[in-house]
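For the sequence shown, the numbering used here assigns the number 1 to the initial residue and increments by one for each residue that follows.
Keep in mind that a hint or two might mislead.
The calculated lysine-lysine pairs, modelled on DSSO-like cross-linking and capped at a C-alpha distance of 30 Å, are [said to hold, decoys possible]: (1) K214 <-> K154; (2) K137 <-> K252; (3) K190 <-> K73; (4) K190 <-> K137; (5) K83 <-> K104; (6) K252 <-> K162; (7) K222 <-> K165; (8) K73 <-> K104; (9) K137 <-> K162; (10) K73 <-> K165.
Quick list of simulated restraints, FRET-style, between CB atoms [to be verified]: (11) S33 <-> V185: 23 to 33 Å; (12) G51 <-> V249: 34 to 44 Å; (13) E65 <-> F215: 35 to 45 Å; (14) I18 <-> P101: 22 to 32 Å; (15) V185 <-> R36: 33 to 43 Å.
Simulated from the structure, these hints should not be mistaken for lab results. Every residue, glycine too, gets a C-beta built ideally from N, C-alpha and C.
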Amino acid sequence: MAKTNPYHVIPATVYEIIEESPTIRTLRLKPDSPIRFATGQFVELSVPNIGEGPFTPSSSHNITEEMDITIMKTGFVTEHIHKVNVGDRLGIRGPYGKGYPLDKFRGRDVLIMGGGVGMAPTRSLFLTLLDEIDQYKSITFLAGARTPRDMIYKDHIDAWSKIDKVNFIRGVDRVPEGESWNEEVCLITKLLDKIDIDPTDNPVVVCGPPIMMKFATMDLPKYGYADKDIYLSMEKKMYCGFGQCRHCVIGKYYACKDGPVFTYEMIKNEENIWE
């Protein structure tokens with residue numbers, strides 16, 4: 001059987017752009033051929049003549065003819081991605097890595113914590129869970145951002161909050177003068193006080209800025225969550241996608257090959273995991 005070329009790029013057309021916040025946008029893409037991935041895996045998105053970068057799709061993995069990718073402007077490639085327009089052609093290669101172990105989530109109360117652009121991978125997970133919501137006891141999504149204008153997916157929150165077995169709670173760190181907000185004002189970890197879930201053998205998924213993930217993993221055991229049940233999306237320094245460049249080494253692991261989804265139990269004793 002012929003091996004799949006890991007460098008194979010599938011052209012895709014941008015058919016819609018959603019400006020989620022001043023620094024984050026969602027590209028809605030139609031690839032020339034279907035792309036199958038497992039929620040939590042990542043792809044490499046390329047801009048012709050500019051370069052490529054690793055991003056986790058933010059759409060359900062059950063949709064293969066289209067793909068949403070939510071991207072924060074943080075550097076050279078992402079700055080150019082924020083300049084693309086509807087109709088532009090980009091490239092997608094992958095998927096790579098390991099996704100969320102949905103078989104271990106079924107029949108359980110699933111807790112999701114997404115901060116900032118970290119809501120992108122968790123949105124993919126959330127939408128995938130919704131596709132088979134009868135397989136789960138409940139889904140609780142804690143969403144955090146620095147300010148109200150930094151909160152993404154604003155247009156979907158009302159609909160998501162009305163779904164049976166879903167509890168959606170949002171919080172922001174602060175509310176600057178001139179911005180309105182009638183939900184929680186606190187760090188995302190403080191939203192844990194707002195939920196009523198038995199943590200025993202129930203999974204919690206965490207994705208966000210390293211500092212947010214660090215404090216979440218410090219606090220979750222205090223609420224009764226076991227290290228084996230804390231799932232982290234470690235998308236640090238990934239570049240090539242399949243373990244050749246060594247940019248994403250976490251101790252004895254590669255984020256791109258062994259992850260990007262890890263349990264805290266797997267990596268907690270490795271050095272500098274939050275750097």
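Check your understanding: Of the hints given before, which are not true for this structure?
Key -> 2, 5, 6, 8, 10, 11, 12
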